[in-house]
Amino acid sequence: MRLGALVLASVLLMLADGRFGMLRPARAALADAAVPVHWLSSAPERLFAWLGEVLSTRETLLEENRALRAEALVLRARTQRLAAIAAENVRLRELLNSTAVRDERVLVAEIIGVSPDLSSQTVVIDKGRHHGLRTGQAVIDAYGLFGQVIEVGRLSSRVLLVTDAMHALPAQVVRNGARVIVEGDGRVDALNVDHVAATMDVRPGDLLVSSELEQRFPGGFPVGVVESVVNDPGKPFAVVQARPSAQLDRSRHVLVVTALAPPAAAKPVEPPDAAAEPEPELEPQAPVGVSRP
Amino acid sequence: MSADANQPSRLLFAASVLAALLGAIVPLPGWLAPARPDWLALLVVYWVLRLPHGFGIFSAWLAGLLMDVLSGGVIGRHALALAVVAYAALLLRHRLAHYTLAQQAAVVFLLCAADQILAGWVQSVAGHPTQSLIFLMGSLTAAFCWPLITPASPRDRSLDGWQAVS
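Which chain is which? The protein sequence lines are A and B, in order.
Per this note's numbering, the first sequence runs over residues 1 to 293.
Per this note's numbering, the second sequence runs over residues 1 to 166.
Mixed in with the good hints, there may be bad ones.
[Unchecked claim] Here are some chain A residues pointing at chain B (derived, C-beta under 8 Å):
1. Leu6
2. Leu13
3. Asp17
4. Gly18
5. Leu23
6. Ala34
7. Val37
8. Leu40
9. Ser41
10. Ser42
11. Thr122
12. Leu155
13. Arg158
14. Met166
15. Val188
16. Asp249
These aren't lab readings, by the way, just hints derived from the structure by calculation.
These numbers were taken from a predicted model, which means no experiment stands behind them.
Positions of the beta carbon are idealized from the N, C-alpha and C atoms, including for glycine.
With the hints as extra help, turn the sequences into a complete structure.
Written as structure tokens, this is what we have:
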């Protein structure tokens, strides 16, 4: 009967947490308590990284330094042109009377924990409410969209990856602007593109970028590259698979988009509301954003 | 088991649970992640067999709760699974003491699989369906780890005296 009591207690906890979300505040506090353990668990990795830095030879460092400087030069040169293009973009958008592209601020965070669960894909990062994080904020890495913040503690937060089975977001095909919904399906190297009509122009190799339609994700970040398009005449939609752009299983540092600064000379855009259930604005039958984890 | 012998083992329990939790969440490379042994279930089985009066269902439940907090899924799923595992191990402990190492490892595999299946089942009800049966790899590697930890006295001490007499 002790087992019975404990099973009952677990079931109640699961219901309270999973079904009714009553444990949200407790979870945030517990997440803080768990930070030292996460920190400890990632200590070996950090130690190796540190050893690699300390034990590398002068030549290696010089070589790396040279490569980085060359890369910085190339990137800076590209940014120069970007400034001009951005200014032109703003002018054109003003001519078209459309809202300006929002500027975003980012915060570097380090991944300190990875979900050990094979079926759910979340990571823990070392920044929290103290650093200005809120649920719903987008997370990117150097290569593309990484995920979004779902749980915020004081000094750490949990990030749901774009490939998690509970994650979906609106995206656009860069080549022709076609709107699609990209869903994770639980594998770390695959995304499903949902509700693609058989006649839609989507080809393997197409780049999908995030769209601002839902007002949760910043627009224009690479989400994935279409890998295969299978048209089955018996089905109403094509089966489209994509490979995520972000290095979901390799990145150690990610960027949290902390603020979408409102555009200066445009009509105000509602800030992304983290608490509200995200409203899909494309196909209403597909879940957009994150449903309750 | 006398009370004074239990006192120092409290700390040992806590330390071993912490170690198992660390082992359970330490990041592994992608190809190795499915083969991560189910350390926590292994530890629970080990302690229940070795000190059934010191480490019981409730301790296993607490350890599972800690795991839930760390792993970030639905709270209560590992707690439930580990309590069930501890209960099954308690029921089987006299029998296990007489099994050969291979038989023990097979039972440990079943117990760890029960833990993973229960936890995975709750998770899939919550919307994270498991992809394949590959998650049972963790139970398999845990079973292979069993002979490594069991020479450090796996059995109930009360049975040791009984064997010395026979």
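Inset, instruction - May I ask which of the numbered hints given earlier this structure violates, with the numbers listed in increasing order? - result: Hint 12 contradicted; others consistent.
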